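Mind assembling these two chains? They're in different frames, but the hints should get you there.
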Amino acid sequence: MSEAAVKKRPGILFLRRLLRNLKLPQKIMGIILFVLLVLFVLLPAINLFYTAFSFSYSDRVLPQVIERGIKAVPGRFTLVHLERVFFSPLTKNMFLIPLLNTLLITAGLTIVALSFGSVLAWIVVRTDLPGRKLIANLATIPYIIPAWPIALAWLNIFKNTKVGGTPGLFEYIFHMTPPDWMSYGPVPIIICLSLHYYSYSFITVSGALATIDSRLEETGELLGANKWQVMRKITLPLVLPSILSAFILTFSRGIGSFGTPAFLGMPVHFFTLSTQLYSNIKNNLGGDAYIIALVMILMSGLSIYMNVKVIGARKSFVTISGKGFKAKPVLLGKLKYVVLVLLIIFIILGVFTPLYVLTWQSLMEQDGNYSLSNFTLHFWTGKSDEVNKHGILIGEGQAGILRNPMILRGAWNSVRLALYAAFFTSFLGIIIGYAIVRDRGSRLSKLNDALSFAPYIFPGIAFGAVYLTMFARPFGPIPALYGTFAILVLVSVAKHVPYSSRTGTAAMMQVSKELEEAGELQGAGFLRRFFKIIFPLTRNGLVAGFMLSFITVMRELSLVVLLVTPSTKVLTTMIYYYAEIGFHQFGDAITMLVVIISLSGTIIIRRFQKTALGKEIGG
Amino acid sequence: MAEYAKIRIENLCKKWGKVVAIKDMNLSIEEGDFVTLLGPSGCGKTTTLRAIAGLEEPTGGKIYLNGKLVFSKEEEIVVPPAKRNLGLVFQSYALWPHMTVFENIAFGLKIKKLPKDEIRKMVFAVLGDVKLEGYEKRYPQELSGGQQQRIAIARMIINRPDIYLLDEPLSNLDAKLRVDMRAELKELHQKSGATTVYVTHDQVEAMTMSSKICIMKDGIIHQVGSPEEVYRKPADLFVADFISNPKMNFFEAAVTTENNKRVINAAGFKLKIGPEMLGPEEKVKVAVRPEDFVITDNGTEYTVVNQLPAGSSSIVIAGRGGEKISLLFEGNFKVAVGSKLRLSVKEGLFNLFNLKTGKRIY
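Chains as they are written, first to last, in numbering that gives the first Met the number 0: chain A, 0 to 618; chain B, 0 to 361.
Because the hints were derived from the structure by calculation, they are not lab data.
Please note: incorrect hints may appear among the correct ones.
[Unchecked claim] When the alpha-carbon atoms are kept at most 27 Å apart in a straight line, the in silico BS3-like pairs for lysine-lysine are as follows:
{"hint": "1", "chain 1": "B", "residue 1": "K82", "chain 2": "A", "residue 2": "K512"}
{"hint": "2", "chain 1": "B", "residue 1": "K109", "chain 2": "A", "residue 2": "K512"}
{"hint": "3", "chain 1": "A", "residue 1": "K512", "chain 2": "B", "residue 2": "K216"}
{"hint": "4", "chain 1": "B", "residue 1": "K67", "chain 2": "A", "residue 2": "K22"}
[As the list claims (entries may be wrong)] If the Cβ cut is set under 10 Å, some of the chain A residues that face chain B in the computed set are:
{"hint": "5", "residue": "R15"}
{"hint": "6", "residue": "L407"}
{"hint": "7", "residue": "E513"}
{"hint": "8", "residue": "A523"}
Since we're looking at a predicted model, the values are computed, not measured.
We put the CB at the ideal spot given by N, CA and C, even for glycine.
Isolated chain B, as found in the complex (with noise of 0.2 Å):
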């Protein structure tokens, strides 16, 4: 491993006017990761992107690539894009119309006064990478969606950069297309080994591709971790709330003594906790992920609302007094609205947050 970050990102800061995109933001990231820049829509995700390629200029902070420094507010310091070594594909691909699928990938090999042969080979290499070997000749135009968006992906590989940024890029397909082309964006991560970075507000995109998630809103980082961390052990509300499908259950309660235990009395269920996840707080709020749920002798009495069946999993919305949860169940499940299910929180897997800061507690 290098002795420095692939990509290091310090006190960046982004306003347009007084709108802030980027509030002092700090990250790094490792040679080979695959991370995933996700968040609502206008949260400053693209717009990190954008100044990574260095098509963005911030208004504060520095950028590292490579452990060189390529942007610095104080110093007045930045590196065009062309120059820093990495490749992009926007989230409208940005194919230039007027040149047919040759021309859009052999433009980069030209300016760099690649003899023809080369080119030729070159092109026809990652045509065949990309499976889209005998479109040459056709332009942007004529391609499907997916075809377009691998010769986005073509052009930039065929400069061989060893970072790729990925800004949204599989917003604009079809469902199915879009499942397809993430194991294919997977793979080829893996196979070239480039640091990639990924632009998405789909949660389940940045679950399933990335090493590590970065979740960020209004500007700001709320957490860095891999996909199994941030589901796991969310740092604040927000990334819980963020990170759930179907949503997450939140309940406020208060920490009760019983017998000598501390418990938390949530929505009729109790749980138990141990000295080590909450200190001497008394109001927290509970979070507890749909599967978390089991169906028990003793369980909370808890009425059946709906049901909206997937196939392979069944969400069940069921409600008690005011209080309504979701519950996901795999397989076949089968429940009749209005029966009564008996219900518990699964030992543990629960979180805990500070009901002022938002934090997490446990």
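Chain A with its partners taken away, still in its complex shape (with noise of 0.2 Å):
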């Protein structure tokens, strides 16, 4: 009877169609992902373009308008901003000399990291040397912390008075003023920033040697090649594509790093397109500081993109083939004392002493006074009136840290953002995933795929600035956002989007599509279907993936420095905001706050997830 059916017309076969397709879970998922990444990714990103090229209210003081007799409409399009930063006298120190110094430290940071880590990375993996894992394990604290506390420690000790203020560690010890190239400017910029990225390259390196089949260099020795032949033609081959990731990461890094060359570089005028930037928005320039922006994202695309040519090609003829036997250690006979000594002397420098002299610099009650006497624990837990021996008020009248209550606030904003965005991260985390994964294949998963990807080429401080164009005014039904505490969350959130894309993703695919269908078949609906088969299964991921979120939120600095206001500080800012002033004790104490936090949700992500270390910076 039912062949018989009545010949439907097109229009309501194609709502039926429609229909069904709706209810499909993925794509409601889809769709509402979709929706708000275009809200909050694409459409900022557009309107950074257009914010560039176009007047703002304060360009009608700028010379080129007021000689050339513009009316600088608000909104109108124009190219002065393009001319000023690329055609004009302030070219050389508005765009060359930053753009040429952000290549200089970018170029030194990859070769000192990227070597450093994977030559560490084989010591620790292939050869005999005592203590290895202990080593392995101290070696990624630095991946744990922030980059920016390295820079405020190595202000510490070698600080000099040429630049004003107090003497650093150095200079108290050797009295002798440290020469100005090693206390700002390029060179501790590198140092700084190698000690911090050299732990991705470690990471990653170390992961790839240790999971090759030993069998393949086994077969090499058996016929006829020695260690160093096997070195050459096998081993290094097969982790090339992860020392060229490694490679990739820390130049991008790189590109977009803020806090470091802020604190080492600006009070010498040393600066970084990163640097530029941030000095000409709060100099109201900020259609110059967009076409940096822009730069900085080019940059950035372009290396993601040779990222993409040069691994993805070469990704596929990486045999990692999980466990093989384990490979007999490289035998580094009595070499292997003056290693481990040299490395020891790498980890009490390069990774315990800034903690230690942050943490000092914190209990000193004059700064650059090192003595015992000098001790106080006021710049923690001190009252507001405490005063020292002279009667005279501590901490010029500031409570310390754990009792400010305006550092306080700081504290409880942070923990708040972080929290709140690493909620909304993992939430989304499970959108994409499903969205994604279970819908894998069709148009809509590929847009959504790629534009969850976007934010990751965005240097930080650019989409911190991109944000800050976007939600100034009234958006569509969103009310203006500057100033108020929902804009650092959705630009954290907005900002992490590749990383929980990526963790969502992975924990999706974890949970075959025939372990959701069973249920399927059994009549559970899609609610019953997450909540029963797919959220346990997924659990451990997401709990990983929120904690990780959480600790990268509650250390973002230049991505929200734009976005505060003095009510909505967080603890970050006002680091940055105690360094600018000098008032070095507040800064340290709040830095080792966030050094805590960051290590102790570190342990507690590692109890769930064993591998989330590795993972998050793999791909």
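So this is what it looks like as structure tokens:
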């Protein structure tokens, strides 16, 4: 009887089809996700373009505008910012020098961090060095804590009195003023960044070295190659993709780094693109800043394009076939004690000294006086009316960080921000994972995949700038968000979409489609399948993702530095503020607070997911 | 017998972009049948099964279950899997690793909001059926492959579906267990009487278990028939070759006339053919199964190249000129390599195929 079913009109059939598709949870999620990504990633990016090429209110005072008698109507198209950045007398100072500085720092950082990280990885994974495991664990500590505390510690030790302020530890001990190049500028910036970013290469390369099937190498040996030939012809080509990927990662992070060049460069007017962008915005030169932001995005995008081009093609031949037999370690002989001593010195100086120095400085009543009599807990726990033995208020009448209402509010803001951001990020991660994995191959899924990767190519400061242009004014139904706490949450969630998308898809990939289909056959609706099957099976990954976002947001500086206002200050921007005005003890105490939160967060993560660390930076 | 087929598939198509998984498929399965979808990997058999279950949306055609239309591309009708009253055992079993055996089996019943006592009773009864009493508190990963398999079956049968769908359920088990489970599955089918569709690439499984075999390749059904039919009367060269273990022998041959009688001369064997066997074709392909050779005094002489004894029977590879054939002898047959055998083909036990189309003529 149904054979003879009446021919339905195409309109009704189309509607039926549409309704059926709209009932599919992966489609619903895909559509919601697409709307969110357009609103919070695509439109802000377009708006950055628009702002960079149009007049703003403050542009009336630009000399180019006044001289030519142009009417700078806000919102009208103009190339004046482009001209100012690229083709004007300002170009040298505003663009060329910062560009060269950025390239110099990034190149130096990449060379130092990559070679040191890779060699360290080889030593730890492939030799008979005593205490390799402990060294490996200690060497990953810099990955856990942010990059800029190292710069603060460097200042503490090497700052000289020439720039003003109190002397550093170096001058205190040796009674010798360190030369300017040692205190500020490219050399300390490269060293400080390298002390953080070597850990990326170390983790990536040691991961690859550890998973190479040692039978591949043993086959080479059986065929008569010596150890050196095996290393050059077999091992190196096999880990080359991961070395390359560490290279690109370090390179693109170098371009975007903000805190370290700000602390160690700006006092001597050594500008990189990121600090130049910041100072332009602070000087009401938004249009110029956005042109610089576009340049940074372009550079970062290019490095990622190279990544895909170079590694994408090479990765296919990497035969990391999992566990083979444990490779025989390379015997270092007597050299191993030399290496061991060198590594211990490195760990003490590079990993622990910064933390130690920051803690010490936070316990000094008077900055620059390293004697024991100068010891105080004031900057941690002191009351605002505490006086020293001379009857002078300590800390200029500001209470220690643990009882200072302003700092506690900042801490509360930080924690709140990190919690909100981590919650929304993980939630989004599930949606992204489900929408992309379960709808694999569809146009919507591909589009969402690409869009959710986009924020990755924005350096943090540029992404902050994007949000500044976008949400300074009301936009559609969204009111003006500048100065609100919500914009901090929004920007943090949006910037971390690439990471949450990776955690979400990875977690969803682990739950085979059949496990969900088995539930569907038993009559379980989507919500039941989600809460009874998918959620329990992805929970560990999501919790780890949650903690990871929590820590990352907690220590984020460049992303939010342009967006905070006095009432929405967070810990990191307070540190920046104290460092700028030279009130170091407070900054150091807050820094240590952030470090402690980051470290304890990482310990919690590792309990949930032993491989979280490798995964986050692996691909 | 019902007036309609239990499962009817009409003009079913499934494409993944440009790749065609199922091409214009028609199949009818009767109540109580045990039908095997058999074919090499990538032939579309699992896709067909998933389309019946409603887990895959075909790109064209219709599917009827119990005479009720559950899928039609033309009318945009797709009945969700849960409303098709069928059960499916996945190749991976798809047992939920975070649930105990009890929770796995009881999942569907809880959704139906049955009272707790009744659920307990039903789960324990089913656990008895699959001989896994006492395992209800274990987690799937604590069980062996064979036990997991039975849990998957228990989870399927507890909902009393009238169609069982089984997707290569034995492929993850070791050889011995596989033989045992075959018998158990067949018993389960006989006891329940549920119409069963069974996907496999193992021809022995298909031959031993099914009432009907549907042989597929590249999304096309080559033959549907009883095990005996597909074995003795393969529809074409593909089926003949696929359903053969040890390998079937193929010879190209021409039809000649000797003493007014038409004969086929293939690899030294003379095969008598009746007029009913063959039309006016001159060139054919002859297929002879390894067990269909006999040793006779006036047979064609072959030299033994190799012998592969297998206990109850023995495979012998013999050659003549450039031609090599496999022979199967029952029992403890022993022959020295290099010795001569005089062979002929058992009367009428061969197949003829059209050389061009590959279709069976006799």
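Consistency of the hints with the structure:
1. B:K82 x A:K512: holds (19 Å)
2. B:K109 x A:K512: holds (22 Å)
3. A:K512 x B:K216: Roughly 25 Å separates the two Cα atoms, so the pair holds.
4. B:K67 x A:K22: Within the cut-off at roughly 23 Å; holds.
5. R15: Interface hint status for R15 of chain A: holds (4 Å vs cutoff 10 Å).
6. L407: For L407 of chain A, the interface hint is violated, since the closest Cβ of chain B sits about 41 Å away, which is over 10 Å.
7. E513: With a closest approach of 4 Å, the E513 of chain A hint holds.
8. A523: holds (6 Å)
The structure fails hint 6 only (numbered hints given earlier).
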